[in-house]
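Protein chains in written order, with UniProt numbering: chain P, 1 to 559; chain A, 1 to 361.
Careful, some of the hints might be misleading.
As the list claims (entries may be wrong) - Derived BS3-like pairs: lysine-lysine, alpha-carbon spacing no greater than 30 Å straight-line:
id, chain 1, residue 1, chain 2, residue 2
1, A, Lys113, A, Lys50
2, P, Lys34, P, Lys364
3, P, Lys237, P, Lys364
4, P, Lys26, P, Lys237
5, P, Lys237, A, Lys38
6, P, Lys29, A, Lys38
7, P, Lys139, P, Lys506
8, A, Lys38, P, Lys34
9, P, Lys364, P, Lys139
10, P, Lys237, A, Lys113
11, P, Lys29, P, Lys237
12, P, Lys139, P, Lys29
13, A, Lys143, P, Lys364
14, A, Lys143, P, Lys139
15, A, Lys113, P, Lys34
16, A, Lys188, A, Lys306
17, A, Lys143, A, Lys158
18, P, Lys139, P, Lys34
19, P, Lys29, A, Lys113
20, P, Lys26, A, Lys113
21, P, Lys34, A, Lys50
22, P, Lys26, P, Lys9
Source of the hints: derived by calculation from the structure; they are not laboratory data.
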Amino acid sequence: MSTTTPLAKAAGGTADFFDTRVGAGKMVKEFARKVFPDHWSFLLGEIALYSFVVLLLTGTFLTMFFVPSMTEVHYPEDALPVAMRGVEMSEAFASTLNMSFHVRGGLLMRQIHHWAALLFMASIVTHMMRVFFTGAFRKPRELNWVVGFTILILGLAAGFTGYSLPDDVLSGNGLRITDGVVKSIPVIGSYMSFMIFGGEFPGTEIIPRLFTAHILLVPALILALIAVHLVLIVVHKHTQYPGPGRSNRNVVGYPLFPVYVAKAGGFFFVVFGVLAIMGATLAINSVWAYGPYDPSPVGAGAQPDWYMLFLEGSLRLMPGQPEFVIAGYTISLNVLIPAVVIPGLLFTALAAYPFLEAWVTGDKREHHVLDRPRNVPTRTGVGVAILTAFIILVLAGSNDILATHFNLSINSITWVFRFLFFAGPVIAFIVTKRLCLALQRRDRELVLHGHETGRVVRFASGEYIEVHQPLTDHERWLLVGHEPVRPLEIGPGENERGVARPAYKKAVRRSKLSNFFFADRVEPVTPSELAASHGHGEHEEIESAESNEGLLTNASTRG
Amino acid sequence: MSDLTKSEHVTPPGASDPLSVGERELDRFPNPGLPEHKHRLSDESEAGSKRVERQIVILFVLSLLASIGGVVGYFAFPVGVTLGSVQASTLSIGLGLGVGMLGIGIAAVHWAKALMSDVEQVDERHAQRSDDATRAAAVQALKDGADDSRIARRPVLKGALVSAVAVAPLAFVVPLVGNLGGDWNVSKFRYTMWGPGVRLARDPDGGLIRPEQVTIGSVWHVIPDGLLGSEHMLEEKAKAVVLMVRMNPTELTEAPERADWSWDGIVAYSKVCTHVGCPVALYEQQTHHLLCPCHQSTFDVSDGAKVVFGPAKRALPQLPITVDDEGYLVARSDFTEMVGPSTWERERYTDLPVSDEEKAH
Ligand code: HEM
Ligand code: FES
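So that you can see chain P by itself, here it is in the shape it has in the complex (with noise of 0.2 Å):
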């Protein structure tokens, strides 16, 4: 190499420094030209790694004046806000208040911080909805959706620790509810709420306690699995879309450097450049506007951050009855059931979901194109279903702004919620189903019968018909490239010499949940049915490769 100019020298210099020290060659080699796919759906995890970045910086900011302690003082009486003056308060409030007025960007700062914090979970929310549809988390990524997973726990973790900080009259009804909740748990409850506030709510610990939660223990809890996250993303390599060219043997995109380098990188700074610009322009959680904490004031219409909001709804919709008390003790089954069995049973049902779906296709192959959601109707049919659940209680989170919007009674709202919550999953999965099954149908329709063209022709027989475009090779592969996925058969109960198998319970069980998954389906059409389709004419019905119709039995073979 001839090195010229003084700066390729320099530039050289240093590689030679970290090649010699840390095999730098050996990375850069690996790594530079590495290739991506490119889709605006994988910019969704991006937003998520970047505005928690985000929440790192402002977050750091805003640990140098916010004072994490519950002692009463007096707010001083020539400090902004006016109405503040001389007000009784934590130092934890006081010193929220005096970094927004009387320190320069400190209001931004806080207001960057919060903005970042609904971005981040709203962000990860979708992430996950994109990984979910397009069954990114099918082998061999399933770990990698569990540490995901886990970060939307954190996530909220972080979210409920932050928003509890300022210790205005909101967090402190927070804090106030989760205590509630907390002492509702069986034997340990009242020492659980003594454990968490240092003594009787609230205390004088939770502030200091909750602060080292949040700027320490959960963010390098989810730095930490960050790392892991990314890592095995390169580890597995990215998924791609299905599309001509592309196959579960490559990845088609473009290199890390200079493009993803870039357009990231870039991506970054319009993450930051956004939620500054919100920071500057829209005001949020301006607590001095509620006051600090006392046990006593409490304002309807009050919201927590959007995603504590199925909580709050899950509470609401909840009737009174299930309190019993059995032999002198109390079982509060009207708190424990909607604020721990049904967010346990919706989390648990989404961390679990990839291996479910394993075990029922059986399919032990790595999958690294993506399906297209119509593709695995049943899958992507709970998944609607999931998200209604969470919707409806987000919704009724919001009932009494429902209700004092549309001028309804909260009563009557919350009756049909609590009908919703039951019948709107199961309603979305049919739906939606359908809606899958039908986009599959279309997608037959197109391949066997061409574009139409509007084109209309009249034979000599006097028919008339309309004429239709053949799809080209590169069309035609979205449509039909997919693998059909059927349901696994299993054999006689007993082997050949009529003893009963063992594992046949077991068997049948699988076979009935994969029934259930891919009984209905439609399959992509076949080079010989296009064929066929094309020897009976274009005008002809298509025939419908539905299994239900009996016409197909052959058991799928895997490994």
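With the hints as your guide, set chain A with the ligands onto chain P.
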């Protein structure tokens, strides 16, 4: 259709090939391969790429100016003087920071999209599984390690190791958890500041209340006299807050054993919701309903504050009241049950006569 017949000769991949997704069916279309690359305008004309370059430079310059503007904003607007100045400071620093970042971001993305090569590249994938030789070597390495450790057939050593490691954390965890709960005296939940003769005071100013001040239909937020300035003010307040209402005695349904708990139509109930503890603060005069804003439990104040709707199960505890010699409203005793959310052992406290001695601790 030669492609189609060709695909029919593809043998199904071995079950052990983990990357064989999409290759199982015999009768399937072949992958047509990457579409031909389409060139962009900026690839084809020098003028096009010059224009893109100019756009990118303008974005970087905009960012530069905005960032400088943010710093100027920091110095230009004092905070802590007026709300306007706080707003101006927030806005100028924020827009400077935001546009500064956004400019860089948009420029970089535009550069990547419009100027950098957009020729798609292809990498091969390899199965995650290590090959058999590597696996065997890994197993051997572990075996060798285990042999070297001489742990095999030494059950006592194994047992001692596991026990020591299992017990060692206790000396860390016990002090941590043990200290977290303070004195762990959870029976404190049972008692409030109320007791015989404790006067009712207005929340938040602490003014004492005479029954004649309490007009029919009015709602009073009440705290025990002596709460303000007391040692554990917030903890005591969190348990002792009371809501007092006066209604026409004819509208009031009272249990016989509570006949002397009210005073001429004035009733006082704990304001701590029996659901999960929010202050029950919204009173509707016509229906005598008290609504908890948190999850909308609704209590009927004219009928023992029983639950008429929502997730709470139990009625709000009633504070027995009367009037003392000086004509002020006072409590006749503490609440006769635990206020607030249910706990596992709350029944233990119900209807126990509370001795002063017990209360003292
Ligand atoms: C991991 C993701 C995080 C989330 C979701 C999050 C969320 C929040 C939220 C919602 C608030 C309330 C803000 C307000 O007052 O309106 C808050 C406050 C705060 N956060 Fe975070 N945060 C995160 C990470 C961090 C980190 C890493 C730090 C420090 C290095 C930090 C430091 C603070 C401080 C000091 C406050 C209190 C300031 C105040 O209330 O004015 N946060 N956080
Ligand atoms: S706390 Fe009152 S209804 Fe939940």
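Hinted pair, alpha-carbon criterion (30 Å max): Lys188 of chain A, Lys306 of chain A. Please report holds or violated. 25 Å, holds
Lys38 of chain A and Lys34 of chain P were given as a pair; does the straight-line alpha-carbon distance stay at or below 30 Å? 22 Å, holds
Hint check: Lys237 of chain P vs Lys38 of chain A, CA-CA at most 30 Å. Holds or violated? Given pair Lys237 of chain P, Lys38 of chain A holds - Cα atoms ~26 Å apart, limit 30 Å.
For the pair supplied as a hint, Lys29 of chain P and Lys38 of chain A, is the alpha-carbon distance within the 30 Å limit? With a Cα-Cα distance of about 29 Å, the restraint between Lys29 of chain P and Lys38 of chain A holds, given a limit of 30 Å.
Given the hint that Lys29 of chain P pairs with Lys237 of chain P, test it: the Cα-Cα distance must not exceed 30 Å. Between Lys29 of chain P and Lys237 of chain P the Cα gap is close to 16 Å, so the pair holds against 30 Å.
30 Å limit on alpha-carbon distance, applied to hinted pair Lys364 of chain P and Lys139 of chain P: Measuring from Cα to Cα gives roughly 7 Å; hence the hint holds.
Does Lys113 of chain A lie within 30 Å of Lys237 of chain P when you go C-alpha to C-alpha? Judged against 30 Å, a Cα distance of about 22 Å means the pair holds.
Satisfaction of hint between Lys113 of chain A and Lys26 of chain P, Cα-Cα up to 30 Å: 28 Å, holds
Could you grab the alpha-carbon distance between Lys34 of chain P and Lys50 of chain A and see if it respects the 30 Å cut-off? 29 Å, holds
Going straight from one Cα to the other, do Lys143 of chain A and Lys158 of chain A come out at no more than 30 Å? Holds, at about 17 Å.
Going straight from one Cα to the other, do Lys143 of chain A and Lys364 of chain P come out at no more than 30 Å? Distance ~28 Å between Lys143 of chain A and Lys364 of chain P Cα, so the pair holds.
Pairwise hint evaluation, Lys29 of chain P against Lys139 of chain P, where the allowed Cα distance is 30 Å at most: 28 Å, holds
Every hint, counting from the list given before, is met by this structure.
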